[in-house]
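S.K.: Listed here are the chains, written in short residue letters.
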Amino acid sequence: MSKEHEKGMSIIVKTITRLTVGLILLYGIYILSHGHISPGGGFAGGVIIALSFIHLMLAYGKEVALKKLSKGVASFFESIGALLFLSIAFLGFTGGYFFLNFLSKGEPFKLFSAGIIPLCNIAISFKVGAGLFAIFVALVLLKPEKGDKK
Amino acid sequence: MIELYVLLIFMIIGAIVAIEVKDLLSSVIALGTVGLGVSIAFLVLKAPDLAITQLVVEILCVIILMRATLKRDTSFSITGGRFLTTLITVGFIAVFLFVAKECLKDLPEFGYPVMKVAGTYLREGMMKTGAANLVASVILDYRAYDTLGEATVLFTAVIGVLALVRRIGRKKEGIKIREEDE
Amino acid sequence: MMVYLLCLVLFCVGLYCVLMKRNIIKIIVGIIIMEFAVNLFFVLVAYRMEGRAPILSPDAEILNMVDPLPQALVLTSIVIGLATTAVLVAIAMRIYEKYGTFDITKIKELRG
Chain A
13 MSKEHEKGMS
23 IIVKTITRLT
33 VGLILLYGIY
43 ILSHGHISPG
53 GGFAGGVIIA
63 LSFIHLMLAY
73 GKEVALKKLS
83 KGVASFFESI
93 GALLFLSIAF
103 LGFTGGYFFL
113 NFLSKGEPFK
123 LFSAGIIPLC
133 NIAISFKVGA
143 GLFAIFVALV
153 LLKPEKGDKK
Chain B
5 MIELYVLLIF
15 MIIGAIVAIE
25 VKDLLSSVIA
35 LGTVGLGVSI
45 AFLVLKAPDL
55 AITQLVVEIL
65 CVIILMRATL
75 KRDTSFSITG
85 GRFLTTLITV
95 GFIAVFLFVA
105 KECLKDLPEF
115 GYPVMKVAGT
125 YLREGMMKTG
135 AANLVASVIL
145 DYRAYDTLGE
155 ATVLFTAVIG
165 VLALVRRIGR
175 KKEGIKIREE
185 DE
Chain C
1432 MMVYLLCLVL
1442 FCVGLYCVLM
1452 KRNIIKIIVG
1462 IIIMEFAVNL
1472 FFVLVAYRME
1482 GRAPILSPDA
1492 EILNMVDPLP
1502 QALVLTSIVI
1512 GLATTAVLVA
1522 IAMRIYEKYG
1532 TFDITKIKEL
1542 RG
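Chains as they are written, first to last, in our numbering: chain A, 13 to 162; chain B, 5 to 186; chain C, 1432 to 1543.
Take these hints with a grain of salt, some might be off.
Stated by the list, open to error - Some chain C residues well away from chain A (every beta-carbon gap over 10 Å; in silico):
(1) Leu1439
(2) Tyr1447
(3) Val1449
(4) Lys1452
(5) Arg1453
(6) Ile1458
(7) Leu1475
(8) Arg1483
(9) Glu1492
(10) Leu1504
(11) Val1510
(12) Met1524
(13) Asp1534
(14) Thr1536
Claimed, not checked - Which stretches of chain A does chain C cover? Using the computed rule of at least three CB atoms under 8 Å from a CB of chain C, they are:
(15) 47–61
(16) 140–149
None of these hints come from the bench; they were simulated from the model.
Where a beta carbon is used, it is the ideal one built from N, C-alpha and C, also for glycine.
So here's chain A without its partners, still in its complex pose (with noise of 0.2 Å):
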């Protein structure tokens, strides 16, 4: 069953995830961008990206998902993603302390306002992302084996 599991799922299955996995994917990123004005956030998100690459994997076998998205590129967003949001925090020291809100606040209810919020929603769903990508590529790509019993 893991040969079959590999290869990817009926041709009915590859031909919706064609049409909705970009959809996913906008959709992740909506939330993510919109996370000041209307309910979602990094959080959240993240997770919806981290789905779009999952069902890919999980629709046409791990060899075309990985080319999308290799391991090595994903554990690079998410060191890329802590040490964004670090640096904001750090950059803080510029007005006063650690993590002041130093950009300028604007007005309410647009995309460009509320300071570093936007920057600190983006930093955190590289990490969120890329991290629990990394995790469902390792659980995958560990191979059933029957133990040694003692």
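Position chains B and C relative to chain A; hints supplied.
M.R.: Here is chains B and C on its own, set in the frame of chain A:
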């Protein structure tokens, strides 16, 4: 609040089905319905941020659990007669619920929270941070340090999973290098 | 008060599963049910009667909102719950590799 009671009864019945049924796949699917019930309960309690996050996280949880259980051949769980253990467990849970009922009288009544800190967040949140979503302003401006801690916990979990799954030096079919010794 | 008690009954169902079942996957399901119950309890404490969601809107003036502070704490807790589930599933897969079974009464290497 009749819909909240209906949702809670549905969740309890779903949880009892999830733990009692013998097939592992059915148990994981029943867990999915409990998570869906929690997400709808978050919507009824006026928390839309949490409803979105809970729904997608529960989907991912069910996918990861199914990936672990589907390909193995033990798809039934063995139950044996253990009367003394069952008695002690049920007794402990009964004592816990009785003590909890006494403790819950000290909480403020359902629907009238004491909002000492949150009153300030609600009044001045929009002016001081500029964000219309007050929950996002709480997690990323007023309490951003907690979000940094949560990012660290996620990073540690990813490193933990990658360290558990890694294979070092499996050279031949019969000889396996024991990696539990490191 | 009845609502809080029903939420604690959901927590106790998960606790019963962790204490009594022999299959590791059932134990993981019990831990996840306990996490759901605790998150739900926090959001129940934060509810306000006839309250609105804590999101301001440009056209209307909203007077009473529910408490946003426990909702911020629960948002973090949901994602951490997923991370601990992933680590538990990785441990369970490794145990299956070594012992060939998910039954915890047969995993006795540390004893004796």
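S.K.: Next step is simple, just say for each hint if it's right about the structure.
M.R.: Quick rundown of the hints versus the structure:
The Cβ of Leu1439/C sits about 27 Å from the closest Cβ of chain A, beyond the 10 Å cut-off, so the non-interface label holds. Every beta carbon of chain A lies more than 10 Å from that of Tyr1447/C, the smallest distance being close to 28 Å; the non-interface claim holds. Listed as outside the interface, Val1449/C is consistent with that label: its C-beta sits roughly 22 Å from the nearest C-beta of chain A, beyond the 10 Å cut-off. Listed as a non-interface residue, Lys1452/C keeps its Cβ farther than 10 Å from every Cβ of chain A; the least gap is roughly 22 Å.
Under the 10 Å C-beta cut-off, the non-interface status given to Arg1453/C relative to chain A holds; the minimum distance is some 18 Å. Listed as outside the interface, Ile1458/C is consistent with that label: its C-beta sits roughly 18 Å from the nearest C-beta of chain A, beyond the 10 Å cut-off. Chain A leaves Leu1475/C outside its interface by the beta-carbon criterion, the shortest separation being 19 Å against a cut-off of 10 Å. No beta-carbon of chain A is positioned within 10 Å of the beta-carbon of Arg1483/C; the least distance is around 13 Å.
Distance to chain A confirms Glu1492/C as a non-interface residue, since its nearest Cβ pair spans about 14 Å, more than 10 Å. The beta carbon of Leu1504/C sits about 13 Å from the closest Cβ of chain A, which is more than 10 Å, so the claim that it is off the interface holds. Not every C-beta of chain A lies more than 10 Å from that of Val1510/C, the closest at about 5 Å, which undercuts listing it as non-interface. Residue-level check failed: Met1524/C sits 6 Å from the nearest beta carbon of chain A, not beyond 10 Å.
For Asp1534/C, the non-interface assignment is confirmed: its Cβ lies about 12 Å from the closest Cβ of chain A, beyond the 10 Å cut-off. Chain A leaves Thr1536/C outside its interface by the beta-carbon criterion, the shortest separation being 14 Å against a cut-off of 10 Å. Three residues within the 8 Å Cβ limit are the bar, and the stretch 47–61 of chain A against chain C gives 5, so the coverage statement holds. Requiring three or more residues with a Cβ within less than 8 Å of a Cβ of chain C, the coverage given for the stretch 140–149 of chain A holds, as 3 such residues are present.
The structure does not agree with the numbered hints 11, 12 stated previously, though it agrees with the rest.
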